[in-house]
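K.L.:
Letter by letter, the chains look like this.
2 protein chains.
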Amino acid sequence: MPLFHRFVFDVLGQSVSLPVPLLVNVAISVGAYYAGRSLIPKMKPIFINANLYGIDMNKTSKPKIPEAFGVVTGCIFLVSLFLFIPVPFLRNFSATIKGDFPHDKFVEFIAAMLSICCMILLGFADDVLNLRWRDKLYLPTVASLPLLMVYYTNFNSTTVILPKLVRPLLGQSLDIGVLYYVFMGMLAVFCTNAINILAGINGLEVCQSLIIAGSIVLFNVLEILHGHFSDAHEFSLYIMLPYIGATLALWRYNRYCISLGFLNSAILAARVAILSSQLSRVSRCAPAYPSQVFVGDTFNYLSGMTFAVVGILGHFSKTVLLFFIPQVLNFVYSVPQLFRLIPCPRHRMPKHDPATDLLHFSRTQFRVDELNPLGRFCYQVFRHLRLIRCEMDADGKTVTCNNFTIINFCILLTGPIREDRLNRMLVVFQLLCVAFAFTIRYPLAHYFYDTN
Amino acid sequence: MPLFHRFVFDVLGQSVSLPVPLLVNVAISVGAYYAGRSLIPKMKPIFINANLYGIDMNKTSKPKIPEAFGVVTGCIFLVSLFLFIPVPFLRNFSATIKGDFPHDKFVEFIAAMLSICCMILLGFADDVLNLRWRDKLYLPTVASLPLLMVYYTNFNSTTVILPKLVRPLLGQSLDIGVLYYVFMGMLAVFCTNAINILAGINGLEVCQSLIIAGSIVLFNVLEILHGHFSDAHEFSLYIMLPYIGATLALWRYNRYCISLGFLNSAILAARVAILSSQLSRVSRCAPAYPSQVFVGDTFNYLSGMTFAVVGILGHFSKTVLLFFIPQVLNFVYSVPQLFRLIPCPRHRMPKHDPATDLLHFSRTQFRVDELNPLGRFCYQVFRHLRLIRCEMDADGKTVTCNNFTIINFCILLTGPIREDRLNRMLVVFQLLCVAFAFTIRYPLAHYFYDTN
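Heads up: the protein sequence lines correspond to chains A and B, in order. Take any residue in the first sequence, count from 1 to its spot, add 203: that is its number in my numbering. Take any residue in the second sequence, count from 1 to its spot, add 203: that is its number in my numbering.
Treat the hints loosely; a few may be bogus.
Copies of the same chain look alike in the list, so a pair counts if it fits in one copy or across any two.
Unchecked claim - Derived SDA-like pairs (lysine to any residue); straight-line CA-CA distance at most 20 Å:
no., residue 1, residue 2
1, 339, 403
2, 600, 615
3, 245, 336
4, 308, 414
5, 265, 380
6, 339, 537
Hints are computed from structural coordinates only; laboratory data are not their basis. Predicted model only: the values in this text are computed from it and were never measured.
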């Protein structure tokens with residue numbers, strides 16, 4: 204069986220088979236990169252004129268940076284998918300008359316795009332209008348409804364294979380029925396919001412999304428090479444590659460680093476990946492070029508939904524969640540503030556010191572006796588596990604401690620740090636987590652599941 | 204054959220059949236109306252805070268009115284459709300296991316929503332960012348791509364039945380092939396932009412859209428009663444009813460008239476329809492309540508795409524075009540300015556006279572000898588047909604004439620006029636055109652086509 208769907212051509216009497224959809228998809232993805240690269244700088248004044256800008260609080264000059272550029276990336280990504288959809292079905296078109304067009308495969312693409320388009324719309328509306336928290340929770344749920352319906356009509360497999368450990372108790376597998384749909388719906392809500400709360404320094408949202416996207420692509424390729432469900436993984440590749448193309452263009456203008464060409468920045472990325480100490484030396488003396496555009500909630504929602512979509516329709520939603528380890532940790536760490544057990548300021552991003560150009564962790568202040576019992580319990584647990592650094596006031600009641608995000612926690616470990624280096628540390632952490640995820644997924648899976 | 208799809212229930216041993224999808228759809232549509240009615244006032248300060256407002260140029264006080272409320276209506280409409288989709292397929296769900304789920308019908312809904320969602324996104328981006336003209340032309344084309352693919356895979360009928368007159372020349376019918384797809388793609392672009400250029404006075408966009416939507420619903424019901432392609436017309440109804448529900452709520456806050464409750468405003472609409480002279484008398488003395496919100500391009504794009512979607516997937520795209528007569532006339536009348544043959548100012552809406560609170564037609568000024576030959580030809584034709592009112596300067600070269608929209612043409616016929624009465628005149632014109640369209644579609648069709 205060929206690894207990718209191929210079209211067979213007759214060239215000079217020879218039958219040649221080519222993976223046409225994949226080649227077209229790669230070409231469209233490269234096109235998406237170049238479209239973004241040329242479009243983003245042109246759109247900057249338009250966004251500034253429309254009052255869509257934010258102040259970069261982590262810079263001494265406090266520059267105006269155009270915001271919500273995720274909508275540009277999102278539109279490029281959508282248009283790429285629109286142009287690509289007909290391609291994998293080209294050879295089926297002759298079959299239309301006979302009535303055996305694969306509508307079930309086709310509807311997967313359309314539903315995926317519908318969910319992604321909805322999230323771009325919601326994200327952009329959020330950037331422009333500043334929606335309330337609860338809208339951010341129930342709108343992704345509604346947006347994932349068609350996705351779940353497609354899952355129901357096309358697969359409706361709600362059986363979870365159980366790890367070997369619990370099999371004596373619960374058997375080989377467990378049909379969790381409607382709970383599986385609840386899980387998938389929550390996955391969409393989680394993915395869209397998890398990236399959004401691990402943000403606030405130049406380039407971080409885009410970097411983490413690119414790493415997750417790269418991991419998904421790597422996972423798809425590995426699975427296709429192993430011959431597992433290659434249809435589903437091919438579907439995922441067809442969506443992820445244009446996403447990566449469009450996002451790389453955004454990264455070019457959103458990252459904070461030494462100004463380099465694209466080739467050099469790829470080398471830079473590789474160096475970051477291997478923790479090159481040389482790079483740190485270079486960046487210490489070279490001039491720093493911060494973000495030229497902010498991505499906005501639009502990008503975070505778009506990315507989260509894209510990952511949820513391929514996870515759900517590609518049947519690897521649990522593996523997608525494995526690539527979200529830093530986001531899961533950040534979410535769990537943030538829970539006391541997200542649920543207002545501990546007072547949460549409007550922004551929890553690090554605090555910039557203009558004198559040294561270094562970032563310090565941001566703080567929240569509260570009186571322990573004013574917390575509710577659950578809040579006091581969280582505070583005590585976090586304090587004893589040294590997950591937060593607390594300073595007690597003279598009266599012994601008012602506590603000042605860092606805000607509960609892994610970005611602040613990172614500064615707590617390193618001390619005041621430059622923004623680009625903080626970003627690099629978090630990127631390296633994400634890469635390590637992804638490596639760990641692959642270890643769980645492949646070598647370690649033998650211990651828990653029957654694999655071959 | 205029942206007129207609507209019905210579900211059969213067993214009640215006390217009796218078999219009862221009910222058109223469940225239709226009933227649920229009506230309930231959701233009523234819900235959409237009430238959701239909009241309660242949500243729109245709450246969103247007003249949010250839009251103002253986000254700098255999304257326009258100045259109502261046709262009022263003496265020049266109030267700040269929150270803009271782009273089409274996005275609220277659009278989201279309510281989308282959520283209604285999301286909630287409705289599973290309903291018509293409920294009885295098919297048991298068939299999933301057997302593999303005969305009607306994916307082809309399902310994909311129609313999803314593709315329809317995708318195109319509508321894309322247009323809401325584009326419209327909102329346009330309202331916020333003020334996109335260029337060409338974006339407004341090629342983005343709807345791209346957004347209609349999945350729609351055309353669904354048409355191709357589900358129907359692919361590109362044969363046009365010819366009128367009796369030309370049959371001796373061209374035969375019974377003509378397969379226009381790919382041109383049919385070009386026509387449908389252009390229909391989407393036309394519908395989205397045609398409503399947008401017939402706008403500029405309080406309530407006009409919403410009124411015309413409601414009349415077109417009502418006409419489509421009436422047409423669907425007539426066709427279903429005649430037993431023609433009832434599946435397609437049922438599909439159209441399921442989309443149009445929630446649209447009307449969501450839009451009525453918007454109309455409540457966008458119209459310019461005497462303040463009345465909902466019941467009274469329905470009576471008002473009926474009176475407008477019958478050209479009640481009594482109403483004019485009432486409105487002359489009662490205080491006027493102008494638009495509280497502006498609908499923005501978002502609403503116009505959303506409406507246009509919704510009509511195009513039901514026209515294309517319901518196989519009645521030519522009939523939809525019949526309901527667009529005023530928009531077609533306005534477009535044809537506008538062509539010299541749209542294609543810059545005659546200089547076109549940024550806004551062509553009527554000019555308000557604060558002293559009398561009346562609207563005058565707005566003007567454009569140009570030198571005849573500076574027009575290109577085609578422009579000069581248009582100018583001469585329009586002037587001789589008395590479609591424009593021109594004033595020549597003392598030097599005999601500089602011409603001042605009204606802008607080329609039917610709104611200005613209407614004022615040209617009536618003289619300076621109050622905004623609400625102008626709106627009413629245009630609404631009556633649209634109603635007359637719709638009546639004419641039904642005359643063409645039904646009684647007159649006998650002369651051109653074989654009907655039974």
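K.L.:
Take the hints in turn and mark each one as holding or not.
P.N.:
Hint check results:
| no. | hint | result |
| --- | --- | --- |
| 1 | 339 / 403 | within (18 Å within a copy, 34 Å between copies) |
| 2 | 600 / 615 | neither (22 Å within a copy, 76 Å between copies) |
| 3 | 245 / 336 | between (32 Å within a copy, 16 Å between copies) |
| 4 | 308 / 414 | neither (28 Å within a copy, 38 Å between copies) |
| 5 | 265 / 380 | neither (52 Å within a copy, 59 Å between copies) |
| 6 | 339 / 537 | within (17 Å within a copy, 42 Å between copies) |
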